[in-house]
Amino acid sequence: MDTTGHHLHQMRATAPLVHNITNFVAMNIMANVLLAAGASPAMVHAREEVAEFAGLSQALTVNIGTLDAPWAEAMETAAAVMAGLGRPWVLDPVGVGATRFRQDVCARLMRLRPDVIRGNASEILALSGIGAKGRGADAADPVEAAEAAARDLAARTGAVVAVSGPVDYITDGVSAYHVANGHALMPRVTALGCSLNGVIAAFLVGQPALCATAAAMAYYGLAGERAAHAATGPGGFQAAFLDALYTITPEDLSMGARITRA
Amino acid sequence: MDTTGHHLHQMRATAPLVHNITNFVAMNIMANVLLAAGASPAMVHAREEVAEFAGLSQALTVNIGTLDAPWAEAMETAAAVMAGLGRPWVLDPVGVGATRFRQDVCARLMRLRPDVIRGNASEILALSGIGAKGRGADAADPVEAAEAAARDLAARTGAVVAVSGPVDYITDGVSAYHVANGHALMPRVTALGCSLNGVIAAFLVGQPALCATAAAMAYYGLAGERAAHAATGPGGFQAAFLDALYTITPEDLSMGARITRA
Amino acid sequence: MDTTGHHLHQMRATAPLVHNITNFVAMNIMANVLLAAGASPAMVHAREEVAEFAGLSQALTVNIGTLDAPWAEAMETAAAVMAGLGRPWVLDPVGVGATRFRQDVCARLMRLRPDVIRGNASEILALSGIGAKGRGADAADPVEAAEAAARDLAARTGAVVAVSGPVDYITDGVSAYHVANGHALMPRVTALGCSLNGVIAAFLVGQPALCATAAAMAYYGLAGERAAHAATGPGGFQAAFLDALYTITPEDLSMGARITRA
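Protein chains in written order, with the numbering used here: chain A, 31 to 292; chain B, 31 to 292; chain C, 31 to 292.
Wrong hints could be hidden among the right ones.
A few chain C residues that face chain B, going by a derived Cβ cut-off under 7 Å, partial list only [said to hold, decoys possible]: (1) Arg42; (2) Val55; (3) Thr96; (4) Asp98; (5) Thr129; (6) Gly263; (7) Gly265; (8) Ala269.
Think of the hints as simulated: they come from the structure by calculation, not from any bench. The structure presented is a predicted model; accordingly, all values stated were derived computationally and were not measured. Built from N, CA and C at the ideal position, the CB exists for glycine as well.
Extracted from the complex, chain A is given alone in its bound form:
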């Protein structure tokens, strides 16, 4: 997969408008991540305009972190627009195992055919119906424990399923990749997983979902590796991470990506 850098080049050339319906914790850092990467973020959720705005956007992300009923309705409306237009959208089922409400909303959202479902191992296990130990946004299960569930979920839904962790696992139900980029400080900065959804969505525009998702995750992890060199803790890491997203070139990514067939 020596074309990894090309996916980044293509994303920056497109500079897609990514519509995000995400949680309150993530909104600022997610917008900064997308700007640093080279995409154009927007956050819009009102029932009066969410469909109209989705129609203007090239990709959508939906994240249920700080869910409530009006926001769930906005998510469904926007996802239906994207599905209808054949434009990519990404679902992040944050903490889906924690409450019945989250399970119900995710069940409705999955019927709207997300192109990518990304979560931690506990979330993917819970979403696949296998059950998991997750609590809140933190994973209590290792990635390996969720690989079979991810393949099953991908085969059932037609989505690419991405399991985030020390080594990420990405599958369309047939093929699969491991992405070994990343750093242990990343889960110590809030909403970096949420923000990754936006980068994946931006990479999806005009590019095949499985490869584009793997490339986006390698790019993101590589930025984490670079940031760790400059940081002594999660505060400095966050700034250095944005700088790395901004400065990594397609050539850097092709050199630094650690993607292998799984």
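Keeping the supplied structure of chain A fixed, place chains B and C upon it in accordance with the hints.
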């Protein structure tokens, strides 16, 4: 306009309480910008208290970035209080060209006589009814293309109209200024434009609107120039920008401001 | 109190899940503060799930900064769950003196027996019914002026009451501590007070409230002192503060804590 620094001195001496009804992306960085500059920010939106709180505040900002119907109602209520009390308020019509809902809400807000309307060129063009290419929060039109629209909008509404861009344009419909301060990394950090509204509002307290707005924008741009010296990307830039807002003195501003009659 | 460091050790060993119903300004930095300190944050507010999620959490914080009616309902629901289960929860009455709505909501919340009430001097004075000069989130009264009100409030409610300021005051109505850690840049970064609530809540899990609150505040202030060495303004300070929360060891805290009986 060698009195530019005096406007900063005056703002800090007042340390005004600025009430902000703004978007979820901007809230944290906007509060940090106001604290670093020397003002006192507050974010209040509930219908049960928004009028009461506006009455306690010295200035108001309204930003429609993550608008919905209850928030639009809060914006109108608070703006009406400020207009009634003769206290300054600033309108930022984020993405007004994108949806009908935004156009309707902005039309209602403009009837409440904002003291300053600040946006990018696409937003000012859309607001003036001339139409524009804008999508989301990013400008697709150059500042020069919006100068006539800004003058027209100022003359029609009685507001000072400020167009943000590489060289800002500020007019009350009769006189006009260009402000050449700023740096190309600023649009790569989310919500810096939104946060500028707060600084403008703080400068407006007890000071004439046209000069105070130009001074606020020069101060803001000068902080961007200083931050760029210390930064290699948008992450480090954001921290350095807050530090620059905090450390710039009135004398620094008078020396560094690049304001010219337009 | 040479066991201060032990409280930090205990908190990190527990790594409690802290449920936060807080304001939009604080959400991101509060989550980052909790992650840096070693706890696990979650933000959940929907009526469909807030009780269920509170039941999964080890501690709760409630902060009325950007209050509205549905959020107030969520706060009451979650606090009632925690009170019923005997799990700790912390109330931050942001700007309670500013509006009638805040006073009403706080009155209802106080009936649900918070374990800790933390605010600035103006807020504690307002909450105790004595009246204060507060406006928005900033204190206009010195800590000393609120010490009698804090003792009275603690005695009436059974809560530990903590007054934040240059020297903090913490009392259960009988005993009291002063905590002299901290730095003048801390109030120049938004929502650091709000975020402290989460750290206190995390320290409360399985530990006695008065000592645990004092230890949490000393830890927080010590991180501020360390951050100030590395910072030239509030932007750099924020990153350095998170790094300090992450790197301070229990031994560092026992050495650096400046807690005295009041």
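query: Taking 7 Å as the limit, does the beta-carbon of C:Asp98 come near enough to a beta-carbon in chain B?
result: Interface hint status for C:Asp98: holds (4 Å vs cutoff 7 Å).
Closest C-beta approach of C:Thr96 to chain B relative to 7 Å, hint status: 5 Å, holds
field: Status of the hint placing C:Gly263 at chain B (closest C-beta pair under 7 Å)
entry: 3 Å, holds
task: Closer than 7 Å between Cβ atoms is the bar; does C:Ala269 clear it against chain B? Give me holds or violated.
output: 6 Å, holds
- prompt: Do the numbers back the hint for C:Thr129, that is, is its least Cβ distance to chain B under 7 Å?
  reply: Cβ of C:Thr129 sits 4 Å from chain B, so the hint holds.
- request: Closer than 7 Å between Cβ atoms is the bar; does C:Val55 clear it against chain B? Give me holds or violated.
  value: 5 Å, holds
- request: Closer than 7 Å between Cβ atoms is the bar; does C:Arg42 clear it against chain B? Give me holds or violated.
  value: With Cβ-Cβ at 26 Å, over 7 Å, it is violated.
Interface restraint verdict for C:Gly265 against chain B (beta-carbon cut-off 7 Å): At about 3 Å, which falls below the 7 Å cut-off, the nearest Cβ of chain B leaves the hint on C:Gly265 intact, so it holds.
Going through the hint list in order, the structure does not satisfy hint 1, though it satisfies all others.
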